[in-house]
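Heads up: the sequence shown runs through residues 2 to 315, numbered per the numbering used here.
Hints are not guaranteed to be accurate.
[As the list claims (entries may be wrong)] Label pairs and their in silico Cβ distance ranges:
1. H83 / S31: 36 to 44 angstroms
2. P163 / P213: 15 to 23 angstroms
3. H126 / G310: 44 to 52 angstroms
4. L180 / R116: 14 to 22 angstroms
Just so you know, these hints were derived from the structure itself, not from any lab. All residues carry an ideal CB built from backbone N, CA and C; glycine is no exception.
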Amino acid sequence: MPTGPGKFSPPTILTCYRPTNNQMNTPTTSLLKLAAFLPLPVAHAIGTLLGWLFYLLPNKKRRITLRNLELCFPDMPLVQRHQLARRSLIETGKSAMEKPILLFCSHKRLLRLVRNRIGHEHLAHAIESEHAIIICTPHLGDWELIGLYCSTLRPMTNLYRPQRGREIDKLIRQGRQRLGATLVPTDVNGVRALYRALANGEMIGVLPDQNPGKGTGIFVPFFGISTNTMVLLPRLAHKYRPVVLYSYAERLSWGRGFCLHFVPAGDNLVSEDMNTAATSLNQGLEREIAKLPEQYWWSYQRFRRRPDGEPPLY
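Whenever a hint applies, use it, and build me the whole structure from the sequences.
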């Protein structure tokens, strides 16, 4: 999408077309299905080229990435910030190109892409003991794969925001639900479905690092910046005391596949005090992002909402 006169935002394979709700976008769906047959190394090679375009040409992703790194790492030398931005945008390109593979490949191929699992014993023990589970998946590495993988182990409920094109929406729903996940809308009915799932001792997936809607978040520190942070996950954790695991799929180099990480959340996440719990949530996110900063979604305007009276950061 253009970001202004003379600006260029390189397209990704998932955003080549912007259909309206009434359009049936056959070219895009055909492109997605064809891309699903690419070997992962080839998809990542194309994604690397795409990432270089993101970095070299003026566009919104580059601008937001550099601004976020400036905000979160103010003491990092400028040269290092640009190096991290370049690496991050390359990973963003890889992420765009691998999505069709993960959404539409066979169960067998999906499991072959998982090369290692760190902390998997925490997930396995929770499943064995039939404990309720929250898979807390930040936008780190590939977040699509975590949901798909976990849904092969146990029924899983995830919030889902419909896509603009009906055909694309149908295709993505099928891709995400094909291995056992249930998608529910991002409204009060969807939230109730999450409560029911945990009450029944089931597993749910939550993306904890997006801007929550008005009245559904509080401002607590994230990388030292007062950040609008969801209270849904802490409330669920406090009410049902599930096993909460920070979970993400680390992208391995040269298209070798992914390493899955499952890290138990801190005890303060279940605190009755929402400030304490939300702060604990963000601290856990920071620790995991610090392990793999180039694979975090720095091109997202995480700090767009500000406390009353504060100027915008973008």
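Against the structure, the hints:
The hint said 36 to 44 angstroms for the Cβ distance between H83 and S31, and at roughly 37 angstroms that hint holds. The hinted window of 15 to 23 angstroms between P163 and P213 holds, with their beta carbons roughly 18 angstroms apart. Checked against the hint of 44 to 52 angstroms, the pair H126 and G310 passes, with Cβ atoms roughly 47 angstroms apart. Distance hint check: the CB atoms of L180 and R116 are about 19 angstroms apart, consistent with the given range 14 to 22 angstroms.
In terms of the numbered hints stated before, the structure departs from none.
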